[in-house]
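Could you build all of it, start to finish, from the sequences and the hints given here?
Residue numbers (numbering that gives the first Met the number 0), protein chains in the order written: chain Y, 0 to 217; chain V, 0 to 318.
Please keep in mind that the hints were generated in silico from the structure rather than gathered at the bench. All residues carry an ideal CB built from backbone N, CA and C; glycine is no exception. Mixed in with the good hints, there may be bad ones.
[As the list claims (entries may be wrong)] In silico contact screen, one side only, chain V against chain Y (beta carbon under 10 Å); selected entries:
(1) Val-59
(2) Trp-62
(3) Ala-66
(4) Tyr-69
(5) Met-133
(6) Leu-137
(7) Ser-171
(8) Asn-294
(9) Phe-304
(10) Gln-309
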Amino acid sequence: MSSLFDTLSVIILLTSFVLVANKRIKSYIKTFRVQSAFIALAAGIMGIQSIMEEGRIDVLVVCFVIVVLKVIYIPKLLSRTYSGVEYKVEKDFILNIPILVLICCGLVVFTYFSIATIDGISQGYNDIQIVNSVSVVVIGLFFMISRKKAIGQIIGFLVLENGIFITAMFATDGMPFIVDMGIFIDMLTAVMIMGIMVYQISDKFDTINIDKLNKLKG
Amino acid sequence: MSYIIYIIIQIFVMVLTAPLVNGIIKKAKAFSQKRTGPPVFQMYYDLYKLIQKGTVVSDVSSWIYKAAPYVVFSTALAAALLVPVSTLVTPTNSIPGDFILMVSVFALGRFFMMAAGLDTGSTFGGMGSSREAMISSLAEPSILVCLFTAGLIAGSTSLDGMMTFMQGTGTSPTHPVVVLLFLALLSIIMMETARIPVDDPSTHLELTMVHEAMLLEYSGRHLALMEYGAAIKQLVFMTLLVNLLIPHDQLIGFAGVGAVVVSLLIYLLKVILLAVLIALVEINTVKLRLFSIPNLAALSFILSFLAFLQYFLMGGGNV
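Written as C-alpha cells, this is what we have:
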C-alpha cells in the first residue's frame with residue numbers, strides 16, 4: 000500500500016513539472032485540475048483505509064470536498080475569470096521552458112538534501128512521499144515567481160496549497176478535520192478575492208501583466 | 000543457450016516482427032478515424048515490391064549516399080542483437096556489449112542517415128538532417144539517464160544483465176521508479192522513431208517532415224533498407240521497454256523449448272499492446288511546433304532524472 004502512495008506522490012510531483020512546462024493559461028487550469036484529481040484519489044484511498052481500520056470518516060469527507068472545490072469549482076471559476084479578461088497575450092514566463100524545468104529539477108534535489116538533514120522526519124531513510132510533496136510546495140512557489148500574469152500566479156498559489164495539503168496528509172495520515180476545512184475555506188476566499196482583483200486589474204490597466212502595475216494611473 | 004541459437008532467434012524475431020508493428024500502429028490509427036486502413040501486413044508487401052525495383056542515384060552524390068542504407072540497416076541489426084527478446088534465450092555467458100554500445104551504434108546509423116540527407120544537396124534533405132540532429136541531441140541525455148538508472152538498479156550496464164535482474168526481483172508495475180522509467184522510455188520512443196508529437200510518419204512532401212525529408216531522394220532497394228532499418232530500430236526500443244519494465248519470464252513455471260516458445264508469444268503480445276498504446280498517444284496528440292520540441296525533451300529528461308532521484312530516495316536499495 001505504501002508503494003501505491005509513493006507512486007501517487009511521484010505522479011503529483013510530475014503534474015507540477017507538467018504545469019511548469021505549460022505555455023497556455025487554459026492548460027495551467029487543466030493541469031491544476033488533473034493534479035487535484037490525483038490528490039483526491041490519494042485522499043480517497045487514505046479515507047477508505049481509515050474507515051476500515053479506525054472507523055474515521057473525516058478523510059473521506061475531505062476527499063469529497065477536494066473533488067467539489069478543487070477539481071470542479073475553482074478551475075471553473077478561473078476559466079470564467081480568464082474568459083472575462085479582454086486583453087489576452089499567452090506568453091507570460093520570464094525564462095524559456097527547458098530552463099524553468101531544469102531549475103525545478105534542481106529544486107527537487109535541493110529539497111531532497113534539505114529534508115535529509117531534518118532529524119525527526121528521516122529515521123535512517125528518506126521518506127519519498129515527504130520529499131515529493133515538499134517539492135510540490137517549492138515548485139508551486141517557483142511557478143508563482145516565474146509567471147508574469149495574475150492567473151498564473153493564482154495557479155501557483157493553488158499548487159503551493161496542494162503541496163502543503165499532501166505534505167500534511169502523507170505525514171499524518173489525515174489532519175484533524177477542522178484544520179483541513181479551515182484551510183479550504185481560506186483558500187476559497189483567497190481565490191475568489193484574487194479573481195475579483197484580476198477583473199479590476201484588467202479593467203484599470205487593460206492587461207493582467209503584473210509588470211505593468213508600477214505605472215501610475217490617474 | 001549458445002551464441003548461435005541466440006543470434007538466430009534474435010534476428011529471426013526482430014526482422015520478422017518489425018514491419019508488423021508499423022502495420023498495427025497504422026491499423027489502430029485508421030480505426031480511430033473510421034477508415035479501414037491498409038492491411039496489417041502492408042509493410043511486408045511494400046518492402047518486397049521496393050526490393051525488386053531498380054534504384055535511381057543522383058549523379059552529384061558521393062559514395063556516402065550509396066553506403067548509408069546499408070549502414071543504417073546493419074546498425075539497426077547490430078543494436079537488435081544487444082537487446083534480448085527473451086531472457087530465456089540469452090547465452091549463458093552474457094552478451095558482449097551494453098546499452099552505451101547500443102546508443103552509440105544507433106548514433107552511427109543516424110550520422111550516416113544525416114550525411115546522406117545532406118549529400119544530394121537537396122533543400123529538403125538538408126532541412127531534415129539539421130532537424131534530426133537537433134532532435135537526437137535533445138533525446139540522447141534522456142535515454143542515457145534512463146538506462147543508467149536501470150543499470151544502477153540492476154548493478155550492471157549490460158541490457159541482458161538488467162533484464163535478468165528485473166525478471167528475478169518480480170518488480171511491482173506500480174513502483175514509482177518503474178512508472179517513471181516507463182513514461183520516460185515511451186516519450187523517448189516517440190522522439191526516436193519519428194512519431195507524432197515530434198514528427199508525422201504519414202506525411203510526404205510537407206515542410207514539417209523530419210525523417211521522411213532525409214529519405215526523399217532514395218528509391219527502390221535503398222529505400223527498402225532505410226525503412227526496414229527504421230522499423231527495426233523502433234522494435235528495438237519497444238523491446239527494451241517491454242522486457243525491462245514489464246518482465247514476464249518469471250511467470251513461466253517450466254523450462255525447455257516449450258518455455259522459450261511461450262515466452263516469445265507473451266513477448267509478441269506485449270509488443271502488440273505497446274504498439275496500440277503508441278497509436279493511442281499518436282491519436283490523442285498533435286504535432287508540436289519544431290521549437291516546442293525542447294520542451295518535450297526537457298520533460299522526458301525530467302522523467303528519467305526523477306526516476307534516478309527516486310531510486311536514491313529509496314536509499315539506493317532494491318526495487
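Status of each hint after checking the structure:
With 10 Å as the threshold, the beta carbon of Val-59/V stays out of range of chain Y, its nearest partner Cβ sitting at about 39 Å, so the hint is violated. The criterion of a C-beta within 10 Å of any C-beta in chain Y is not met by Trp-62/V, whose closest approach is roughly 38 Å, and the hint is violated. Taken as an interface hint, Ala-66/V does not check out: its beta carbon lies about 35 Å from the nearest beta carbon of chain Y, beyond 10 Å. The criterion of a C-beta within 10 Å of any C-beta in chain Y is not met by Tyr-69/V, whose closest approach is roughly 36 Å, and the hint is violated.
Because the beta carbon of Met-133/V sits about 13 Å from the nearest beta carbon in chain Y, more than 10 Å, this interface hint is broken. A hinted interface residue such as Leu-137/V counts as satisfied when its beta carbon comes closer than 10 Å to some beta carbon of chain Y; here the least separation is about 9 Å, so the hint holds. A distance limit of 10 Å between C-beta atoms decides the matter here; for Ser-171/V the minimum to chain Y is near 6 Å, and the interface restraint holds. Evaluation of the Asn-294/V hint against chain Y yields a held restraint, the C-beta minimum of about 5 Å falling below 10 Å.
Proximity of Phe-304/V to chain Y holds as hinted, the smallest CB-CB distance being about 6 Å (cut-off 10 Å). Annotation: Gln-309/V was flagged as interfacial toward chain Y, and the flag holds, the nearest CB pair being 6 Å apart, inside 10 Å.
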